[in-house]
Amino acid sequence: MSLPDSRPVLPCCAPAGHGSRALKRVFDIVASSLGLLLLAPLLIAVALWVKADSPGPVFFRQLRVGRGGVLFRIHKFRTMQVGAEGRGQLTVGADARVTGAGRLLRKTKLDELPQLIDVLLGDMSVVGPRPEVPKYVAHYPDEVKALVLSVRPGITDWASIRMIDENEILGGADNPERAYIEEILPQKLDYCVRYAQSHSLLEDLQIIMATLLKIITR
Numbered sequence: 001m002s003l004p005d006s007r008p009v010l011p012c013c014a015p016a017g018h019g020s021r022a023l024k025r026v027f028d029i030v031a032s033s034l035g036l037l038l039l040a041p042l043l044i045a046v047a048l049w050v051k052a053d054s055p056g057p058v059f060f061r062q063l064r065v066g067r068g069g070v071l072f073r074i075h076k077f078r079t080m081q082v083g084a085e086g087r088g089q090l091t092v093g094a095d096a097r098v099t100g101a102g103r104l105l106r107k108t109k110l111d112e113l114p115q116l117i118d119v120l121l122g123d124m125s126v127v128g129p130r131p132e133v134p135k136y137v138a139h140y141p142d143e144v145k146a147l148v149l150s151v152r153p154g155i156t157d158w159a160s161i162r163m164i165d166e167n168e169i170l171g172g173a174d175n176p177e178r179a180y181i182e183e184i185l186p187q188k189l190d191y192c193v194r195y196a197q198s199h200s201l202l203e204d205l206q207i208i209m210a211t212l213l214k215i216i217t218r
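In terms of the UniProt record's numbering, the sequence shown is residues 1 to 218.
These are calculated hints, taken from the structure and not from any lab test. Small disclaimer: the values here were computed from a predicted structure and weren't measured. Cβ coordinates follow ideal geometry from the N, Cα and C atoms, glycine included. One or more of the hints may lead you astray.
[Unchecked claim] Now the in silico label distances, taken between C-beta atoms and shown as ranges: (1) V144 with L202: 19 to 27 angstroms; (2) G68 with L120: 12 to 20 angstroms; (3) V26 with E182: 36 to 44 angstroms; (4) V133 with V26: 28 to 36 angstroms; (5) A96 with L48: 23 to 31 angstroms; (6) D174 with H139: 14 to 22 angstroms; (7) E168 with K145: 24 to 32 angstroms; (8) A138 with D165: 21 to 29 angstroms; (9) V26 with N175: 29 to 37 angstroms; (10) L202 with L104: 16 to 24 angstroms; (11) M209 with G100: 36 to 44 angstroms; (12) A52 with E182: 36 to 44 angstroms.
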């Protein structure tokens, strides 16, 4: 199974200090507040679509590991049938559990928009390592776990961009669960470690722009 290995080339930066972290939090509050306000019509439209498309709640909430190892419940628009998570947490290829609306929401990443709520609450950042469920965090090597969990998880990061077709990649694996743990997760952690070591507001803006471009050109 081949995986994307291209990585962004960015200038080296010093680890973020208290001032940089404070600036990042201010940016998160402003961005999430404006995002929720300006995107309110779209959020309402998507919520109505999800509700009309299949039985069940509008939102999907799941325990994820946040900064410092603290657990929180992430918000997403529901894209799978109710109870589908009990049949495995990974979605692979053309997973039959994904609803009709869910396929488009996942492709366009609109299902992630409710995470602006998590950003405003302080559980997440606009940009940062994607938060994992506890079962996968248990596979983080001890030498990098504390570093990766030292920053707030984000809605998007370099790994999200470079590995945007992760589900399709897993669809070609004989054992998707093992492939995720042994092949994909280490690559994600590589991006996470480098971000945690040197992130800056400039890099965050680069990631946001790259994310939007990737979604538009998929």
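Hint check results:
1. Between V144 and L202 the Cβ separation comes to about 24 angstroms, which falls inside the hinted range of 19 to 27 angstroms.
2. Separated by about 19 angstroms at the C-beta atoms, G68 and L120 satisfy the suggested range of 12 to 20 angstroms.
3. Against the hinted window of 36 to 44 angstroms, the Cβ-Cβ separation of V26 and E182 comes to about 39 angstroms, which satisfies the hint.
4. At roughly 29 angstroms, the beta carbons of V133 and V26 sit within the given window of 28 to 36 angstroms.
5. A hinted range of 23 to 31 angstroms holds for the C-beta pair A96 and L48, which are about 24 angstroms apart.
6. Judged by the Cβ atoms, the range 14 to 22 angstroms given for D174 and H139 holds: they are separated by roughly 19 angstroms.
7. Judged by the Cβ atoms, the range 24 to 32 angstroms given for E168 and K145 holds: they are separated by roughly 28 angstroms.
8. Taking the beta carbon of each, A138 and D165 are about 25 angstroms apart, inside 21 to 29 angstroms as hinted.
9. The hint said 29 to 37 angstroms for the Cβ distance between V26 and N175, and at roughly 44 angstroms that hint is violated.
10. About 33 angstroms separates the C-beta atoms of L202 and L104, a value inconsistent with the hinted range of 16 to 24 angstroms.
11. Between M209 and G100 the beta carbon distance is about 31 angstroms. The supplied range of 36 to 44 angstroms is therefore violated.
12. Remark: the range hint 36 to 44 angstroms for A52 to E182 is upheld by a beta-carbon distance near 40 angstroms.
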